[in-house]
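Engineer: Starting from the structure of chain X, add chain B where the hints point.
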Amino acid sequence: MEKVLSMARGIADSAEVYYREIQETEIVFEDSSPSSINHSRRAGVALRIRKADKTGSSYCSGLDDPAGLVGRAAVSLDAGIKAFFTFPQAHPAEELETFDPEIEHISDLQVINEIKRICALLAGELKGKGQCNVTASYGEAFFHIINTAGLEVSQKISFYRISPQILFPNSQESLRIRKSATGFRVFPESRLINLGRAFLSGLPVLDVTPKGWDAIIAPSAFQVFLWRLEAAASAASLYDGASRLRGKVGQKIASNIFSLEDDARINGNPQSRWFDDEGVRTRRHPVIENGIFRGFFSDLDSASRLKLEPTGHGYRTAMWGGDAVSLKPSPSLSHCRVKPGSESLDEMIASTRRGVLIEGVLGAHSGNIPNGDFSVGMSPGLYIENGKIRGRLGNTMFSGNIYPILNKITSIESSLHESEQGLFPYIKVGDVL
Amino acid sequence: MKIAISGWTRDRNTEANVKRLLGNYLERVGGDYSDMRFERMERTRVEYRGRELLESGSSVTQGFVLRILEKGGFASACFNDGSELDAAIRKAKECAQSMGSGGEMNTRLLVPPPVEDEIEPTIKGDPRAVSLEEKMALLSSYNRLVMASRDMITTLAVYEEVTRERHFINSAGTYVAEPLVTASISIRMIAAGNGVLQNGRAVVGGSDGFERLLGREDVFLRKAEIVSRLLQARPVEAGTYNVVLNPEMTGVFIHEAFGHFSEADLIEHNPSLREKMNMDRRLGCELLTVCDDPTMPAQIGHYSYDDEGVAGRRVVLMQKGILRGRLHSMRTARSYGESLNGHAIAEDFRYPPIVRMGCIYVTPGDNEPSELLDGAGDGLYVLDAKGGQTSGENFTFGAQYGYLIRNGKSGAMVRDINLMGNLFETLFAVKGVGRDTAISEMGGCGKGQMNIRSAMGGPHILIKAVRVGGC
Chain X
9 MEKVLSMARG IADSAEVYYR EIQETEIVFE DSSPSSINHS RRAGVALRIR
59 KADKTGSSYC SGLDDPAGLV GRAAVSLDAG IKAFFTFPQA HPAEELETFD
109 PEIEHISDLQ VINEIKRICA LLAGELKGKG QCNVTASYGE AFFHIINTAG
159 LEVSQKISFY RISPQILFPN SQESLRIRKS ATGFRVFPES RLINLGRAFL
209 SGLPVLDVTP KGWDAIIAPS AFQVFLWRLE AAASAASLYD GASRLRGKVG
259 QKIASNIFSL EDDARINGNP QSRWFDDEGV RTRRHPVIEN GIFRGFFSDL
309 DSASRLKLEP TGHGYRTAMW GGDAVSLKPS PSLSHCRVKP GSESLDEMIA
359 STRRGVLIEG VLGAHSGNIP NGDFSVGMSP GLYIENGKIR GRLGNTMFSG
409 NIYPILNKIT SIESSLHESE QGLFPYIKVG DVL
Chain B
47 MKIAISGWTR DRNTEANVKR LLGNYLERVG GDYSDMRFER MERTRVEYRG
97 RELLESGSSV TQGFVLRILE KGGFASACFN DGSELDAAIR KAKECAQSMG
147 SGGEMNTRLL VPPPVEDEIE PTIKGDPRAV SLEEKMALLS SYNRLVMASR
197 DMITTLAVYE EVTRERHFIN SAGTYVAEPL VTASISIRMI AAGNGVLQNG
247 RAVVGGSDGF ERLLGREDVF LRKAEIVSRL LQARPVEAGT YNVVLNPEMT
297 GVFIHEAFGH FSEADLIEHN PSLREKMNMD RRLGCELLTV CDDPTMPAQI
347 GHYSYDDEGV AGRRVVLMQK GILRGRLHSM RTARSYGESL NGHAIAEDFR
397 YPPIVRMGCI YVTPGDNEPS ELLDGAGDGL YVLDAKGGQT SGENFTFGAQ
447 YGYLIRNGKS GAMVRDINLM GNLFETLFAV KGVGRDTAIS EMGGCGKGQM
497 NIRSAMGGPH ILIKAVRVGG C
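For the protein sequence lines, the chains are X and B, in the order given.
For reference, each letter of the first sequence is one residue, going 9 to 441 in this note's numbering.
For reference, each letter of the second sequence is one residue, going 47 to 517 in this note's numbering.
Note that these hints are calculated values from the structure, not bench results.
It cannot be assumed that every hint is accurate.
[Stated by the list, open to error] Derived DSS-like pairs (lysine-lysine); straight-line CA-CA distance at most 30 Å:
hint: 1; chain 1: X; residue 1: K164; chain 2: B; residue 2: K139
hint: 2; chain 1: X; residue 1: K124; chain 2: B; residue 2: K117
hint: 3; chain 1: B; residue 1: K493; chain 2: B; residue 2: K322
hint: 4; chain 1: X; residue 1: K137; chain 2: B; residue 2: K322
hint: 5; chain 1: X; residue 1: K187; chain 2: X; residue 2: K135
hint: 6; chain 1: B; residue 1: K139; chain 2: X; residue 2: K124
hint: 7; chain 1: B; residue 1: K455; chain 2: B; residue 2: K493
hint: 8; chain 1: X; residue 1: K219; chain 2: B; residue 2: K510
hint: 9; chain 1: X; residue 1: K137; chain 2: B; residue 2: K493
hint: 10; chain 1: B; residue 1: K170; chain 2: B; residue 2: K322
hint: 11; chain 1: X; residue 1: K124; chain 2: B; residue 2: K322
hint: 12; chain 1: X; residue 1: K90; chain 2: X; residue 2: K315
hint: 13; chain 1: X; residue 1: K187; chain 2: B; residue 2: K139
hint: 14; chain 1: X; residue 1: K62; chain 2: X; residue 2: K347
hint: 15; chain 1: B; residue 1: K510; chain 2: X; residue 2: K187
hint: 16; chain 1: X; residue 1: K336; chain 2: B; residue 2: K493
hint: 17; chain 1: X; residue 1: K124; chain 2: B; residue 2: K455
hint: 18; chain 1: X; residue 1: K187; chain 2: X; residue 2: K137
hint: 19; chain 1: X; residue 1: K135; chain 2: B; residue 2: K366
[What the hints assert, rightly or not] Below, a sample of chain X positions facing chain B; criterion: calculated Cβ distance under 8 Å:
hint: 20; residue: T33
hint: 21; residue: E38
hint: 22; residue: R49
hint: 23; residue: S65
hint: 24; residue: E112
hint: 25; residue: H113
hint: 26; residue: D116
hint: 27; residue: N178
hint: 28; residue: F195
hint: 29; residue: S198
hint: 30; residue: D248
hint: 31; residue: R252
hint: 32; residue: S374
hint: 33; residue: S383
hint: 34; residue: G399
hint: 35; residue: N403
[As the list claims (entries may be wrong)] Partial list, computed: chain X residues near chain B (C-beta under 10 Å):
hint: 36; residue: M9
hint: 37; residue: L13
hint: 38; residue: M15
hint: 39; residue: D39
hint: 40; residue: S69
All figures in this text were calculated on a predicted structure; none of them were measured in a lab.
Beta carbons: idealized from backbone N, C-alpha and C, even for Gly.
Just chain X, same shape as in the assembly (with noise of 0.2 Å):
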């Protein structure tokens, strides 16, 4: 990398190395029995440099052609692309609790044999009315960047995941649940008990057509509300002036009993990082704190456009995934977490006369997303009557506005639960469907 950041001086006025290697094991089973593993190491460089106020950048999968990446960077640098932001200075090193030695001790067969144990177990439950499958994958990832400023930063995470999920017959639609921690951990067996249970409740199809119902919105299907906050939170959208929440930054957009931040320094969680992948500090960012938005989100270049401090949300991701290496950093809320409430998701179902457990949706990623309106199907959605899970509605959507529902927040859940984005309870929404 150094030899990259030597080479890259010689061309442009500053510059920066980034550095990504991805190790990884994913097991999976369908149906209780094995179905792949799919083993993979991914290494990838990106370079990024400065000239005057002209920007260029490039990437490769190793190390071993500084010339041809430096190269390129070059062409790129010569189209003209304007620079606003300048690379991080050096800051203190610091230590979360991302790696766990542990993690390459785990054998296949160790984890296999817990899919199994899985498996058998919810077998019991289900009686054979459900077919069980579960994903597990376990690993390591290695984030270097070094920079002309001065800046050296580095972190290892170690990571184990896995998700059970129950299929509904006939169907793809399922409950699913899942776990991740720095290293193996046995599943807890509460958890798929209730998770059996569930399942089962909702097996009956109904045909009911939901009117003035509520909804009480599952971690999984958070995803609708998520994805159009964070298009609108985005500074790179404030910059557009393309943000349904421009001039709305300590106003009221959300009922008060909700509270939504990002924070990436949490210790034990293997998504957990002290910076982002352009070099920068994270730190917890409260994006609506008691009803009340408190602010976009940045990475370099937007903050610098709009004049602000960066927030450290700079994350070469995007929602369709892509090798990391070949996306440009951009504001992304990858660590996210709902305030928990008071009351538990038994008590949330018993307190309802008539309403929908959605658990899962199909087409969050369709729909107005600037504007906050979505229009999904419910996959699936429990029906609720009388406080009781009575079966699952077939053919049923969800549509409307987020600003709107955001406000009808009546309860939310004490306990937390992962997701793909962090980590969120389930939330009570009265009279939307």
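Structural biologist: Chain B in isolation, oriented as in the chain X frame:
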């Protein structure tokens, strides 16, 4: 032992060297069956956000995918560099053994007879030979037109060109080299007015070269005009409608509603769905014939060989409503006892292949589009896809805009249209199929891995009683 990436030019010597290297590598692998894919991927991307240039340049990445079948255990290892081969072999073997003995995996493959082939793509104006300046100028000209349009506040305009130089070799004696060259221009646009933001996207692209991208101002201007008009349009009222889909929507509909269930791996381990998808079962009305053909020239999903070195071929999936075919990998073909058809595709060198649609389409019928509007009576005419998703028998798909149909005539524009259906009901509700047809220039499918080359299309079709979500 490395394949050098600097100064790569594709010529006979390079081909011979890569083939020899991969052959040497594979000899060290062993197992009951093994294969290896090497890819060198060059990506050129130019991006404007609004009027500002944000990105411009080319980059190169590369990697290998090794697969081993040993005593029923089937495993893959993906890695970037030839120097990692021994570690990858060791790990792939460990994985195969763990799944075979510990997991009781019992994979069998239908391995085709060996073939040696080197394919040259058919291209009009090789985008790799076009200068970066010319690509920037073209994208900039389209973007400027859109930004100058009424109510437009910003755009995300992207030129993207991806070349996957693929080399595949297996222990049965097959060696195939085929570059896949894709070039496209996409402009996402956001307009503001009337207290709302509205968006839309226009795309031109394909696998047949740069010329396709030239002179396409009308595509982008038309969509900019529509996005502006959406600011005044009313949200569609939720309910059940007779709908006429334009060709792009028909493509997404058939991709989501039926195509995924033609992918054999999706239902291979789902006994209840597999039973429902028995061959020769009636799944739709007589009007409906559906095919997948990755070999169809020019469309964005074109390929001759899949990522298992199997020749792609046209498959009739549904004939007059009857299930007649399925898309396969070597594993699923063996599992189902059906023929290979070359539909195992990976996003790139970071993944082993999975079963994917190549280019799925509804074959044309007898109706003029105006007859379909007549047939709808009162309903909705929905146009241009905005994503879709399926979860087994249920599916959703969104439209960028639509028009209310009153007495068979297209009327007021409406927005926020998402449609939902059920595989085992909606295909019977197709009541008319147009004689026109078009394959979308925008590919894309996010099943596990992103596949920018998954193409789709068809004619206008009329479907009765579709559930539509409003906003």
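Engineer: Hint by hint, note whether the structure agrees.
Structural biologist: Hints versus structure:
{"no.": "1", "hint": "X:K164 to B:K139", "verdict": "holds (27 Å)"}
{"no.": "2", "hint": "X:K124 to B:K117", "verdict": "holds (20 Å)"}
{"no.": "3", "hint": "B:K493 to B:K322", "verdict": "holds (21 Å)"}
{"no.": "4", "hint": "X:K137 to B:K322", "verdict": "holds (17 Å)"}
{"no.": "5", "hint": "X:K187 to X:K135", "verdict": "holds (24 Å)"}
{"no.": "6", "hint": "B:K139 to X:K124", "verdict": "holds (21 Å)"}
{"no.": "7", "hint": "B:K455 to B:K493", "verdict": "violated (37 Å)"}
{"no.": "8", "hint": "X:K219 to B:K510", "verdict": "holds (24 Å)"}
{"no.": "9", "hint": "X:K137 to B:K493", "verdict": "holds (26 Å)"}
{"no.": "10", "hint": "B:K170 to B:K322", "verdict": "violated (44 Å)"}
{"no.": "11", "hint": "X:K124 to B:K322", "verdict": "holds (27 Å)"}
{"no.": "12", "hint": "X:K90 to X:K315", "verdict": "holds (15 Å)"}
{"no.": "13", "hint": "X:K187 to B:K139", "verdict": "holds (28 Å)"}
{"no.": "14", "hint": "X:K62 to X:K347", "verdict": "violated (42 Å)"}
{"no.": "15", "hint": "B:K510 to X:K187", "verdict": "violated (43 Å)"}
{"no.": "16", "hint": "X:K336 to B:K493", "verdict": "holds (23 Å)"}
{"no.": "17", "hint": "X:K124 to B:K455", "verdict": "violated (59 Å)"}
{"no.": "18", "hint": "X:K187 to X:K137", "verdict": "holds (24 Å)"}
{"no.": "19", "hint": "X:K135 to B:K366", "verdict": "violated (39 Å)"}
{"no.": "20", "hint": "T33", "verdict": "holds (7 Å)"}
{"no.": "21", "hint": "E38", "verdict": "holds (3 Å)"}
{"no.": "22", "hint": "R49", "verdict": "holds (5 Å)"}
{"no.": "23", "hint": "S65", "verdict": "holds (6 Å)"}
{"no.": "24", "hint": "E112", "verdict": "violated (13 Å)"}
{"no.": "25", "hint": "H113", "verdict": "violated (14 Å)"}
{"no.": "26", "hint": "D116", "verdict": "holds (4 Å)"}
{"no.": "27", "hint": "N178", "verdict": "holds (5 Å)"}
{"no.": "28", "hint": "F195", "verdict": "violated (17 Å)"}
{"no.": "29", "hint": "S198", "verdict": "violated (26 Å)"}
{"no.": "30", "hint": "D248", "verdict": "holds (4 Å)"}
{"no.": "31", "hint": "R252", "verdict": "holds (7 Å)"}
{"no.": "32", "hint": "S374", "verdict": "holds (3 Å)"}
{"no.": "33", "hint": "S383", "verdict": "holds (4 Å)"}
{"no.": "34", "hint": "G399", "verdict": "violated (15 Å)"}
{"no.": "35", "hint": "N403", "verdict": "holds (6 Å)"}
{"no.": "36", "hint": "M9", "verdict": "violated (16 Å)"}
{"no.": "37", "hint": "L13", "verdict": "violated (18 Å)"}
{"no.": "38", "hint": "M15", "verdict": "violated (13 Å)"}
{"no.": "39", "hint": "D39", "verdict": "holds (5 Å)"}
{"no.": "40", "hint": "S69", "verdict": "holds (4 Å)"}
Checked against the numbered hints given earlier, the structure breaks hints 7, 10, 14, 15, 17, 19, 24, 25, 28, 29, 34, 36, 37 and 38 and satisfies all the rest.
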